[in-house]
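The task is simple: from the sequences and hints, build the whole structure.
In order, the protein sequences belong to chains B and W.
Mapped onto the numbering used here, the consecutive letters of the first sequence carry residue numbers 1 to 113.
Mapped onto the numbering used here, the consecutive letters of the second sequence carry residue numbers 114 to 227.
Hints should not be assumed to be uniformly reliable.
[As the list claims (entries may be wrong)] Only pairs whose alpha carbons sit at most 27 Å apart, straight line, appear in this in silico DSS-like list of lysine-lysine:
#	chain 1	residue 1	chain 2	residue 2
1	W	K182	W	K171
2	W	K162	B	K96
3	W	K182	W	K162
4	W	K182	B	K96
5	B	K96	B	K57
6	B	K57	W	K162
7	B	K57	W	K171
8	W	K181	W	K171
9	W	K181	W	K162
10	B	K57	B	K9
[Stated by the list, open to error] Beyond 10 Å from chain W on every Cβ pair, some chain B residues (computed):
#	residue
11	A14
12	V19
13	R22
14	L81
15	L83
16	Q106
Hints were generated in silico from the structure; no laboratory data involved.
As the structure is a computational prediction, the values presented were derived from the model and not from experiment.
The beta-carbon is built from N, C-alpha and C at its ideal position, and this holds for glycine as well.
Chain by chain, the residues:
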Amino acid sequence: DSGVTQTPKHLITATGQRVTLRCSPRSGDLSVYWYQQSLDQGLQFLIQYYNGEERAKGNILERFSAQQFPDLHSELNLSSLELGDSALYFCASSGKDRHTEAFFGQGTRLTVV
Amino acid sequence: AQSVTQLGSHVSVSEGALVLLRCNYSSSVPPYLFWYVQYPNQGLQLLLKYTTGATLVKGINGFEAEFKKSETSFHLTKPSAHMSDAAEYFCAVSAGSSASKIIFGSGTRLSIRP
Numbered sequence: 001d002s003g004v005t006q007t008p009k010h011l012i013t014a015t016g017q018r019v020t021l022r023c024s025p026r027s028g029d030l031s032v033y034w035y036q037q038s039l040d041q042g043l044q045f046l047i048q049y050y051n052g053e054e055r056a057k058g059n060i061l062e063r064f065s066a067q068q069f070p071d072l073h074s075e076l077n078l079s080s081l082e083l084g085d086s087a088l089y090f091c092a093s094s095g096k097d098r099h100t101e102a103f104f105g106q107g108t109r110l111t112v113v
Numbered sequence: 114a115q116s117v118t119q120l121g122s123h124v125s126v127s128e129g130a131l132v133l134l135r136c137n138y139s140s141s142v143p144p145y146l147f148w149y150v151q152y153p154n155q156g157l158q159l160l161l162k163y164t165t166g167a168t169l170v171k172g173i174n175g176f177e178a179e180f181k182k183s184e185t186s187f188h189l190t191k192p193s194a195h196m197s198d199a200a201e202y203f204c205a206v207s208a209g210s211s212a213s214k215i216i217f218g219s220g221t222r223l224s225i226r227p
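Right, dumping it as structure tokens:
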């Protein structure tokens, strides 16, 4: 158990809909990262938050947004969903030092039908 | 900018044989390097990491990796493969300013033949 909790584990929704994925980082970790893993794109970094503030942005679509709340949990919002958004979405958290490894949650498998 | 290249998207070895998964990195600052493993339907788990100091790093499940600055490589090895090693392996680099963004390679799927 990595200590990172993601909910829900599975999500099936229709095209055009909006979903919210939730992540609770390890206790004490200030950084939260979101990744998308798909068969054709591999593991893609989406966005990082550090102590409530956006710290880095990767290949995140404009239809996607995220935030980190004062209790440090984070949410990834995906809107106007398309079939191609079907993927595994991982949340990871890490500590203050830059060499601290990221600890990954089990992921949310999103299926858009 | 940092980047990671994993050579070979799929590697197949016999049980008991040497496992060698290749990773080359590019970094404008001293890198911190990681290997993660992903078993089917699971999240990524850290195998080992290099930060500073000894260049040969030992990890879990009998894996080790050697940081070679001159070759910009961080290859993962295991002397004797086990069926339970079948998984996807990701090399990653963390470097740069305050972003602490970890960049992952594209992954190598390791298959073990009986």
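_I'd like to know which numbered hints this structure contradicts. Please list them from smallest to largest._
When the structure is compared with the hints, numbers 7 and 16 turn out to be violated.
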